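A.B. asks: Anchor point for the sequence shown: position 125 equals 107 in my numbering, and the numbering is continuous, going up by one each time.
Keep in mind the hints are simulated off the structure, nothing from the lab.
This one's a predicted model, so the numbers in the text were calculated from it and none came from an experiment.
Just so it is clear, CB atoms sit at the ideal spot from N, CA and C, and this is done for glycine as well.
Check each hint, because a few of them may be wrong.
Cβ-Cβ distance ranges computed for the label pairs, FRET-style [to be verified]: (1) D96 to L73: 21 to 31 Å; (2) G30 to D112: 29 to 39 Å; (3) R125 to K49: 16 to 26 Å; (4) R97 to A22: 29 to 39 Å; (5) L123 to E79: 14 to 24 Å; (6) R97 to A50: 17 to 27 Å; (7) T15 to G51: 20 to 30 Å.
In the DSS-like style, the derived pairs of lysine-lysine whose C-alpha atoms are separated by at most 27 Å in a straight line are [unchecked claim]: (8) K(-2) to K69; (9) K25 to K9; (10) K105 to K10; (11) K105 to K14; (12) K115 to K49; (13) K105 to K49; (14) K69 to K1; (15) K9 to K105; (16) K5 to K105; (17) K122 to K25; (18) K9 to K84; (19) K126 to K25; (20) K25 to K10; (21) K14 to K126; (22) K14 to K69; (23) K115 to K126; (24) K25 to K49; (25) K49 to K5; (26) K9 to K49; (27) K10 to K(-3); (28) K25 to K14; (29) K69 to K5; (30) K(-3) to K69; (31) K122 to K49.
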Amino acid sequence: MGYCQCQGIENMFDKKTAKSELKRYLKKGPSKTTGMLLDAIHKEGVQGLDFLDIGGGIGAIQYDLIKAGASNGTSIEASSAYADLVKEEILQNDLAERIDCKYGDFTTTASDVDRADIVTLDKVICCYDDMSKLVMLSSKLARKIYAVIYPRDV
-17 MGYCQCQGIE NMFDKKTAKS ELKRYLKKGP SKTTGMLLDA IHKEGVQGLD
33 FLDIGGGIGA IQYDLIKAGA SNGTSIEASS AYADLVKEEI LQNDLAERID
83 CKYGDFTTTA SDVDRADIVT LDKVICCYDD MSKLVMLSSK LARKIYAVIY
133 PRDV
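I would like the entire structure built from these sequences, with the hints used as guidance.
C.D. replies: Below you can see the structure in the form of structure tokens.
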């Protein structure tokens, strides 16, 4: 992710947006497309599986998978505001031993990321300047399920 793109992500996905999105999620649950992604994953079964959520946002996928019986997981988020908010939520909900939230560019750290049973990218591909690299690196890490949502309005 280039320097300019990092700035764009920080500007687009700032603290105010993160708080607003979390508030909406707590009131209404996951967005329609996130719900579709989760429904597809649940059909395969998540009990005892681990996950990697790339661009995890406010943590909707992480919380859902843990609630559904996933053993543990990792979130990698490129927005510091979202990563900070998720870390707070993880601590407040006693999930620190089950969800590891990391801040940074997934493609620069992919070689240090463990494979997971489930790998998710929910509306992440459209925000990344090197889509091919993102998909190539992330898909190699999925042992069982590779779940991707691409926004319909892009």
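A.B. asks: Take the hints in turn and mark each one as holding or not.
C.D. replies: So, going through the hints one by one against the coordinates:
1. D96 to L73: 21 to 31 Å: holds, 22 Å
2. G30 to D112: 29 to 39 Å: Distance hint for G30, D112 holds at roughly 34 Å.
3. R125 to K49: 16 to 26 Å: Once the Cβ atoms are compared, 21 Å apart, the range 16 to 26 Å for K49 and R125 holds.
4. R97 to A22: 29 to 39 Å: The hinted range 29 to 39 Å is violated for R97 and A22, with Cβ atoms some 20 Å apart.
5. L123 to E79: 14 to 24 Å: For L123 and E79 the Cβ distance comes to about 22 Å; the hint holds.
6. R97 to A50: 17 to 27 Å: Roughly 20 Å apart at Cβ, these two residues keep to the hinted range, so it holds.
7. T15 to G51: 20 to 30 Å: holds, 23 Å
8. K(-2) to K69: holds, 16 Å
9. K25 to K9: With Cα atoms ~25 Å apart, K25 and K9 stay inside 27 Å; holds.
10. K105 to K10: holds, 19 Å
11. K105 to K14: OK: K105 and K14 at ~12 Å, within 27 Å.
12. K115 to K49: Not OK: K115 and K49 at ~31 Å, beyond 27 Å, violated.
13. K105 to K49: Holds, at about 22 Å.
14. K69 to K1: holds, 13 Å
15. K9 to K105: Holds, because 21 Å separates the two Cα atoms, which is no more than 27 Å.
16. K5 to K105: With a Cα-Cα distance of about 19 Å, the restraint between K5 and K105 holds, given a limit of 27 Å.
17. K122 to K25: holds, 22 Å
18. K9 to K84: Within the cut-off at roughly 25 Å; holds.
19. K126 to K25: Distance of about 13 Å is within 27 Å: holds.
20. K25 to K10: The given pair, whose Cα atoms are some 22 Å apart, holds under the 27 Å limit.
21. K14 to K126: holds, 24 Å
22. K14 to K69: Status holds; Cα separation ~24 Å.
23. K115 to K126: The hint holds at about 20 Å.
24. K25 to K49: OK: K25 and K49 at ~15 Å, within 27 Å.
25. K49 to K5: This hinted pair holds, its Cα atoms lying about 19 Å apart.
26. K9 to K49: Holds. K9 to K49 sits at ~17 Å (cutoff 27 Å).
27. K10 to K(-3): holds, 20 Å
28. K25 to K14: holds, 17 Å
29. K69 to K5: It holds: about 16 Å lies between the C-alpha atoms, which stays within 27 Å.
30. K(-3) to K69: Status holds; Cα separation ~13 Å.
31. K122 to K49: holds, 26 Å
In terms of the numbered hints stated before, the structure departs from hints 4 and 12, listed from lowest to highest.
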